[in-house]
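Number of protein chains: 2
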Amino acid sequence: MAIAQARAAPVDKQAAEAAIAELAAAFGNRLVTSLAVRQQHGNTTTWLPNEPPDGVVFAQNTGDVQTVVRICAKHHVPIIPFGTGTSLEGHVNAPFGGVSIDFKDMNRIVAVHAEDLDCVIEPGVTRKQLNEHLRDQGLFFPIDPGADASLGGMAATRASGTNAVRYGTMKDNVIALKAVMANGEVMTTARRARKSSAGYDLTRLMVGSEGTLGIITELTLKLHGIPEAIASAVCPFPSVEAACNATIMAIQTGIPVASIELLDELQVKASNAYAKLGLKEVPTLFLEFHGTESSVAEQARRFADIAADVGGGPFDWATKPEDRTRLWQARHDAYWAVIQLRPGAKGFATDVCVPISRLAECVGETKRDIESMGLIAPIVGHVGDGNFHVSVLIDMDDAAECAAARRFVERLAERALAMDGTCTGEHGVGQGKMKYLPAEHGEPAIAAMRAIKTALDPANIMNPGKIFAMNP
Amino acid sequence: MAIAQARAAPVDKQAAEAAIAELAAAFGNRLVTSLAVRQQHGNTTTWLPNEPPDGVVFAQNTGDVQTVVRICAKHHVPIIPFGTGTSLEGHVNAPFGGVSIDFKDMNRIVAVHAEDLDCVIEPGVTRKQLNEHLRDQGLFFPIDPGADASLGGMAATRASGTNAVRYGTMKDNVIALKAVMANGEVMTTARRARKSSAGYDLTRLMVGSEGTLGIITELTLKLHGIPEAIASAVCPFPSVEAACNATIMAIQTGIPVASIELLDELQVKASNAYAKLGLKEVPTLFLEFHGTESSVAEQARRFADIAADVGGGPFDWATKPEDRTRLWQARHDAYWAVIQLRPGAKGFATDVCVPISRLAECVGETKRDIESMGLIAPIVGHVGDGNFHVSVLIDMDDAAECAAARRFVERLAERALAMDGTCTGEHGVGQGKMKYLPAEHGEPAIAAMRAIKTALDPANIMNPGKIFAMNP
Chain A
1 MAIAQARAAP VDKQAAEAAI AELAAAFGNR LVTSLAVRQQ HGNTTTWLPN EPPDGVVFAQ
61 NTGDVQTVVR ICAKHHVPII PFGTGTSLEG HVNAPFGGVS IDFKDMNRIV AVHAEDLDCV
121 IEPGVTRKQL NEHLRDQGLF FPIDPGADAS LGGMAATRAS GTNAVRYGTM KDNVIALKAV
181 MANGEVMTTA RRARKSSAGY DLTRLMVGSE GTLGIITELT LKLHGIPEAI ASAVCPFPSV
241 EAACNATIMA IQTGIPVASI ELLDELQVKA SNAYAKLGLK EVPTLFLEFH GTESSVAEQA
301 RRFADIAADV GGGPFDWATK PEDRTRLWQA RHDAYWAVIQ LRPGAKGFAT DVCVPISRLA
361 ECVGETKRDI ESMGLIAPIV GHVGDGNFHV SVLIDMDDAA ECAAARRFVE RLAERALAMD
421 GTCTGEHGVG QGKMKYLPAE HGEPAIAAMR AIKTALDPAN IMNPGKIFAM NP
Chain B
1 MAIAQARAAP VDKQAAEAAI AELAAAFGNR LVTSLAVRQQ HGNTTTWLPN EPPDGVVFAQ
61 NTGDVQTVVR ICAKHHVPII PFGTGTSLEG HVNAPFGGVS IDFKDMNRIV AVHAEDLDCV
121 IEPGVTRKQL NEHLRDQGLF FPIDPGADAS LGGMAATRAS GTNAVRYGTM KDNVIALKAV
181 MANGEVMTTA RRARKSSAGY DLTRLMVGSE GTLGIITELT LKLHGIPEAI ASAVCPFPSV
241 EAACNATIMA IQTGIPVASI ELLDELQVKA SNAYAKLGLK EVPTLFLEFH GTESSVAEQA
301 RRFADIAADV GGGPFDWATK PEDRTRLWQA RHDAYWAVIQ LRPGAKGFAT DVCVPISRLA
361 ECVGETKRDI ESMGLIAPIV GHVGDGNFHV SVLIDMDDAA ECAAARRFVE RLAERALAMD
421 GTCTGEHGVG QGKMKYLPAE HGEPAIAAMR AIKTALDPAN IMNPGKIFAM NP
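The listed protein sequences correspond, in order, to chains A and B.
Note that this note's numbering numbers the first sequence so that position 286 is 286, with each residue one more than the last.
Note that this note's numbering numbers the second sequence so that position 177 is 177, with each residue one more than the last.
These are computed hints drawn from the structure, not numbers from a lab.
A quick note: this is a predicted structure, and the numbers were derived from the prediction, not measured.
Careful, some of the hints might be misleading.
Taking beta-carbon pairs under 8 Å as the criterion, some of the chain B residues facing chain A (in silico) [claimed, not checked]:
no.: 1; residue: D172
no.: 2; residue: M187
no.: 3; residue: T189
no.: 4; residue: R204
no.: 5; residue: L205
no.: 6; residue: P355
no.: 7; residue: T424
no.: 8; residue: H427
no.: 9; residue: I452
Glycine is no exception: its CB is placed at the ideal position from the N, C-alpha and C atoms.
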């Protein structure tokens, strides 16, 4: 593979072996060192090269995580937390070797406080598992990045997804968390109160820190009541610009849409083929409204008027639950649908986010770039936030295609930054977006991040080689 | 005064004098050292002793702040940011001397991006000033702590107030900020995109850090469209427990109230006397609903049903804008109304926040404590968040009364912590709540805060003596 070749990693093999031996004594067959399992715990879903850890520990509780951290700290060996491996920017890779901690067995729902609209969970709980557990109580957790990711991973990468325009991102929905720090101690960031002004916001510092400051072992999450009424709709537009402009107007006029998702014509074509949707193959918005029966109807009516104003429509309801499910399943399967456009190809997925006033322009320029480069690259987006994704379909064995995809992604990130946006709205930095961070935040911010990292993890053993370089 | 005596502060007088001399050369008459002005810049609104700085610089731009920080850093002299001085926990005091930076002249509204629902402002802009500026564009900034505080101070203390139940706190409404760090450099925390997963959340780290990590010199804030319809209402209840239970049910059933404020019978009495409200002197909820005409009516109807279920009511609309204004003015004047209950007394104000399921119990126990201690102490609260305030009216010259008030506040903080709550929902830690922080967060969290502080401000010159002790 042209991109996915192994990097030369300055791993201290002796230290890793010593740590693995101690971990084997502590965890028995819950430490796995087979190549297949190690490679599974490197990157699976991205264009980045697979960099497997030296071993994988399947943790069962916070004490296990403390044990791993203490052993690794003693030998100066990296620790990489692993949820479901669905991250897109190389977060779970082990560029310096080390030990991956797999959280699949830490998937207990510790408590649901229905009366407080919160729950306490272990980090291996996935969002679908949590929502299945909550359904009977009339509650749900709204953050939905598409993949059935672990909530620990979602917190670590500050994930968001289709409902963020209404319910916020992980940053807005984590009330408190516990994390094992580099010294092996367990830090609790906050109490269960809905708000607090008691000191530094360690919760928000840990959310999005991608395992580089500590390892999340428990989360207290905000829950929401399942809305009395949910309505979905589909609305075609003459251009992506028109669809973006309708989105901008909906947000500006304060329609509290729960989701507003753009699929460009290529994505609609792909989803039609994959999910038999039978939609007109033009830029299309998928919408969801939450509220009471009457407020949902009112929101939808208002949106339909806006869509008509920019030449969009007809605005089609999907009132039957099965239609709704099919629609949103198609949205969630967008990536898999895309892959079918070019069998054998892999999707080089990226995302950016810009102020919503620049969205139409940013999407428009990006589409022109895709065309002029001759790429196959559908666009889907959580456009209510100004956030959109592009999946460039490439043959990973073709060096020229890989290089073109890289150039395209680079130009996209630079375009977003030039529009006062961010190089990643929700995928995180990991390895893939590291190089854009200084341009996005400036040196003083990167210096502050580096100082915080050094303060909390002086030996740089917590998921090193992610977000920013320690020795630039 | 029994409480308000000056503390012995280990100030290096010579260093302070050297810094003041340099500042005088740099700022001329924008450096003020008169005792009156210095005392104004110590604490004014709290029970804590006034600890004036050595001088006050009236900054006009970020460059001025950098100059102050660089001069103070050179002489190891503390720097204390000052907005409007309305904080309640001693945030603006100078226990180790130093230089106060007054932001009243840094009150420019740099940009309003109506289409993106955001604005860029200097930290001295007050919330009323901003909202007056925005009104013509149909926009508003929702965070309202009562006082016409500076937005820089509100960000620094993670303020919230009456609308937080719907719109969140400062943590949720600051998109990005600029801050002068201890090394004199200007750090920008984020771009204007609505969401980002690009690295550590430095915005949220700075919000609530009370000037101890850096000095905010610019804020990018989220704005909201002025709702099409706003309705206010008043609803009496047979007990504070009943009022709390109605609140809990409203939140649990997802009524998107914009404000839900409890006044206990003593507060209603005080506000009746002060603002001629003519309300029945029983525990009362003030409510505000935002939305479309029909959604506001629906929300109000649902709340009225809930109130009736717990024996509350009648639910009275205040539909005329002048009635609404009078009502909310009375709510905002609650503190001044309270003072009139006992002329000459001062209010020892405190706040806590608990999970909403514990709110009725926490308020009930607190009222019994007030009674058994023979205190005059009305309760008002942003009860939708589980947050409430108590103002203990005391004669500051009476040592026994002061001691009793302290004991009461201590017990209240401990009660909130025992209920998985926080010792401060929105006032911040400052000096007044420092002693509760280890119990609230545990040693590992305090150690992390201290490590972050040392990493970003190694000489401890940024508002020292606040939030936590550096040498416990």
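The hints, checked one at a time:
The closest approach between the C-beta of D172/B and any C-beta of chain A is roughly 7 Å, which is under the 8 Å cut-off, so the hint is satisfied. Nearest Cβ of chain A to the Cβ of M187/B: about 4 Å, under the 8 Å cut. The hint holds. For T189/B, the suggested interface contact is upheld, since its CB lies about 6 Å from the closest CB of chain A, less than 8 Å. A cut of 8 Å between beta carbons decides the hint on R204/B: the least distance to chain A is about 3 Å, and the hint holds.
Checking L205/B against chain A: minimum C-beta separation of about 5 Å stays under 8 Å; hint holds. Because the closest C-beta pair between P355/B and chain A is about 4 Å apart, less than 8 Å, the hint holds. Interface hint at T424/B: satisfied, since its Cβ lies 5 Å from the closest Cβ of chain A, which is below the 8 Å cut-off. Given hint, H427/B at the interface with chain A, holds; its Cβ is 6 Å from that chain's nearest Cβ, closer than 8 Å.
Taking 8 Å as the C-beta cut-off, the interface hint given for I452/B holds, the closest approach to chain A being about 6 Å.
Every hint, counting from the list given before, is met by this structure.
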